[in-house]
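Protein chains in written order, with this note's numbering: chain A, 128 to 506; chain B, 36 to 295.
Hints listed in this document are in silico derivations from the structure and should not be mistaken for laboratory results.
Note that beta-carbon positions come from the ideal geometry of N, C-alpha and C, so glycine has one too.
Be careful, since some hints might not be right.
[Said to hold, decoys possible] Pairs of lysine-lysine residues, derived as DSS-like cross-links and limited to a Cα-Cα distance of at most 25 Å, are as follows:
| hint | chain 1 | residue 1 | chain 2 | residue 2 |
| --- | --- | --- | --- | --- |
| 1 | B | 226 | B | 135 |
| 2 | B | 226 | A | 231 |
| 3 | B | 216 | A | 146 |
| 4 | A | 168 | B | 85 |
| 5 | B | 234 | B | 85 |
| 6 | B | 233 | B | 85 |
| 7 | B | 182 | B | 85 |
| 8 | B | 233 | A | 146 |
| 9 | B | 284 | A | 168 |
| 10 | B | 234 | B | 116 |
| 11 | A | 168 | B | 135 |
| 12 | B | 83 | B | 232 |
| 13 | A | 146 | B | 83 |
| 14 | B | 293 | A | 168 |
| 15 | B | 85 | B | 226 |
| 16 | B | 226 | A | 146 |
| 17 | B | 83 | B | 116 |
| 18 | B | 293 | B | 116 |
| 19 | B | 216 | B | 85 |
| 20 | A | 168 | B | 232 |
| 21 | A | 168 | B | 83 |
[Claimed, not checked] Covered stretches of chain A (in silico footprint by chain B; criterion: 3 or more residues with CB under 8 Å from a CB of chain B, positions within the stretch not fixed):
| hint | region |
| --- | --- |
| 22 | 130-139 |
| 23 | 169-175 |
| 24 | 180-194 |
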Amino acid sequence: MLSEEHAALRATVEEFARKEVAPVIADLYEHDTFPYALVAKMGAMGLFGLPFPEEYGGMGGDYFALCLALEELARVDSSVAITLEDSVSLGAMPIFRYGTGEQKQRWLPELCTGQRLGAFGLTEPGGGSDAGATRTTARCEGDEWVINGSKAFITNSGTDVTSVVTVTAITGVSGGRKEISTIMVPAGHPGFTVSANYSKVGWRCSDTRGLFFDDCRVPLSNLLGERGRGYAQFLAILDEGRIAIAALGVGLAQGCIDECVSYAQQRHAFGHAIGSYQAIQFKIADMETRAHAARLTYYHAAERMLRGEPFKKEAAIAKLVSSNAAMDNARDATQVFGGYGFMNEYPVARFYRDAKVLEIGEGTSEVQRILIARHLGVG
Amino acid sequence: MNIVVLIKQVPDTWSARTLADSDHTLDRASADVVLDEINERAVEEALKIKEADGGEVTVVTMGPQRAADAVRKALSMGADKAVHLSDEGLHGSCAVQTAKALATVIGTLGDVDLIIAGNEATDGTVGAIAAMVADVLGLPDLTHARKVTVEGRTVTVERETDDAITVLRADLPAVISVNEKINEPRYPSFKGIMAAKKKPVATLSLADAGIERIAVGLATATSTVIESTPRPPRLAGQVVTDEGDGAAKLAEYLIGQKLI
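Produce the entire structure from the sequences given, and follow the hints as far as they go.
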């Protein structure tokens, strides 16, 4: 099913996750530490440039390559995977898709190396799924945008290496409707501040913050894409992003299987390895089935996307199925581990904590269902 | 600077490794196989030298068809081309035969300035190929390097042994072998993976390489494995009871094991 190159990439990232991420991640997670050293290594092997052309410092690969890398990383740890996913598909991708030649030359090369990270600010404290409820404003004053408002739950927005945050803001009213545009704000720009890192249930090594804009002035040339097209732009970006998040969910679901298969052979109860009991076998078989089915949904969505076919419904299905698989597998995996599954030092406990957000971020499971139903002409 | 790196595909040390019942040669088919990690370091060192001084890196391997995967990985890391000596007749070759065969292949590559190998493969653990290749080619031999410096037409290495660090220097061309402290090998990038597909790989039979059939293989090997007994499972650890002298006892144990 995979091309030779995709298979080789997958094997390389699998090796990287096993040799570089696995030995250090539990300690980083325990201390809520952003994985700077791992991010630098991922950058050196080109993961942040995967879907971008070589002229911008990219690897000349495609979005599916990114998804495979995300799956293999998330098999070991989701914080590291989401840091990559966010910087590539939400930070750099909008610039690549909608930026001018100058904007791309300015921002993409450093984002492709992973030496700097990008972020995307859409969600606000008062509106996540209801993206149309955006309240942040950007008014045109002379040759500047003056931005006021706040954003919530923005990944990669406050690391030491964050370079740029693209935010959505109301830039006016046209035809009685809010005109939403996307504007790039460099990290550390006057008038732009970030909150402390949130204390999250999972993804504890990833950087997630609130953003505040207080008369933040940026040049008019920081507008990304066409004025008033912000809403359409981020809907398109989120469609793609769902395939990436689905891959991440499949990785987590697979990681649960990896852990359980090895534990079921080592752990003995009532005189036998617990894997000899059907109670455990059935759980693991169900986990494998979910991960396999979910993997096919994201492969399919990615294939349609790369062929230039409509993929909105398929991406929504992939995200829904994969986040369900991740949640179900994490719940079963902790059960297979029994008391140890409740101990933070075990990877399955980390998977359990990391799974929940997959039903929430980049479109909740309810939003996916709305999209699927709408595609069928219902609602 | 023309650099040749000798690489070998070995069974993954993470997987079960066994010898074939029939002739006690390595059962390559039943194990997951990988590019030996020490060879990744050898490739990395060659790439570093090339990046600093320019030149070309050629990987040379001897092994079954499947070893093409190990070649591909070295090319993905950034090596420029490869020669793969692959022939049924090589099965069961001893270290001496292997070194002579590799030297013959290297001889077909024109002017070579530096030959880099790992100090010891994780499968056979003979650890003599680099020295033997140097001997056959009549080149200086600088083994167990933890640091390599090339300046003009000389190469300097720091050789690490249990007892000392020795600094060695030789004129090029020369053969060096590296130890696990030499560097941290890079992971191939996707660009490297895609580029590797287009890089030239010459797959040679014995006849192609000009090696006589009688010179290699189990039948004429200078040594053969006649018996093999798997190491018994690890015994339970030794318990040290702390009676105020725990630290001393631990230190004593570690010294006894030559760990400190």
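Verification of the hints:
Of the pairs offered as hints, the one joining residue 226 of chain B and residue 135 of chain B is violated, with about 35 Å between alpha carbons and a cut-off of 25 Å exceeded. Between residue 226 of chain B and residue 231 of chain A the CA atoms are separated by roughly 20 Å; this keeps the pair inside 25 Å, and the hint holds. Between residue 216 of chain B and residue 146 of chain A the CA atoms are separated by roughly 16 Å; this keeps the pair inside 25 Å, and the hint holds. The straight-line distance between the Cα atoms of residue 168 of chain A and residue 85 of chain B is roughly 21 Å, inside the 25 Å bound, and the hint therefore holds.
About 17 Å separates the Cα atoms of residue 234 of chain B and residue 85 of chain B, which keeps this hinted pair within 25 Å; it holds. Pair hint residue 233 of chain B plus residue 85 of chain B holds up; C-alpha atoms about 20 Å apart against a cutoff of 25 Å. A threshold of 25 Å between alpha carbons decides the hint, and for residue 182 of chain B with residue 85 of chain B the separation of about 15 Å falls inside it, so the pair holds. The hinted pair formed by residue 233 of chain B and residue 146 of chain A fails the criterion: a straight-line CA distance of about 28 Å is larger than 25 Å.
In summary, the hint linking residue 284 of chain B to residue 168 of chain A is not supported, as the alpha carbons are separated by about 41 Å, beyond the 25 Å threshold. Among the hinted pairs, residue 234 of chain B with residue 116 of chain B is consistent with the structure: their alpha-carbon atoms are about 6 Å apart, no more than 25 Å. Taking the CA atoms of residue 168 of chain A and residue 135 of chain B, the gap is near 39 Å; set against the 25 Å cutoff, the hint is violated. The suggested pairing of residue 83 of chain B with residue 232 of chain B holds, with an alpha-carbon distance near 22 Å, which does not exceed 25 Å.
Note on residue 146 of chain A and residue 83 of chain B: the hinted pairing holds, with a Cα-Cα distance of about 22 Å set against a maximum of 25 Å. Of the supplied pair hints, the one linking residue 293 of chain B and residue 168 of chain A is violated, its CA atoms being roughly 34 Å apart against a limit of 25 Å. With a CA separation close to 18 Å, the supplied pair residue 85 of chain B and residue 226 of chain B stays within the 25 Å bound. For the suggested pair residue 226 of chain B and residue 146 of chain A, the alpha carbons sit about 21 Å apart, so the restraint of at most 25 Å is met.
Note on residue 83 of chain B and residue 116 of chain B: the hinted pairing holds, with a Cα-Cα distance of about 16 Å set against a maximum of 25 Å. Between residue 293 of chain B and residue 116 of chain B the CA atoms are separated by roughly 42 Å; this puts the pair beyond 25 Å, and the hint is violated. Taken as a hint, the residue 216 of chain B and residue 85 of chain B pair is honoured in the structure, with Cα atoms around 19 Å apart against an allowance of 25 Å. With a CA separation close to 24 Å, the supplied pair residue 168 of chain A and residue 232 of chain B stays within the 25 Å bound.
Annotation: proposed proximity of residue 168 of chain A to residue 83 of chain B holds, straight-line Cα distance about 17 Å (limit 25 Å). Closer than 8 Å: that is the beta-carbon criterion, and the region 130-139 of chain A has 5 residues meeting it against chain B, so the requirement of 3 holds. With 3 residues carrying a beta carbon less than 8 Å from a beta carbon of chain B, the region 169-175 of chain A meets the three-residue requirement, and the given coverage holds. Coverage of the region 180-194 of chain A by chain B holds in this model, with 5 residues showing a Cβ closer than 8 Å to a Cβ of that chain against a need of three.
Violation of the numbered hints given earlier is confined to hints 1, 8, 9, 11, 14 and 18; the remaining hints are satisfied by the structure.
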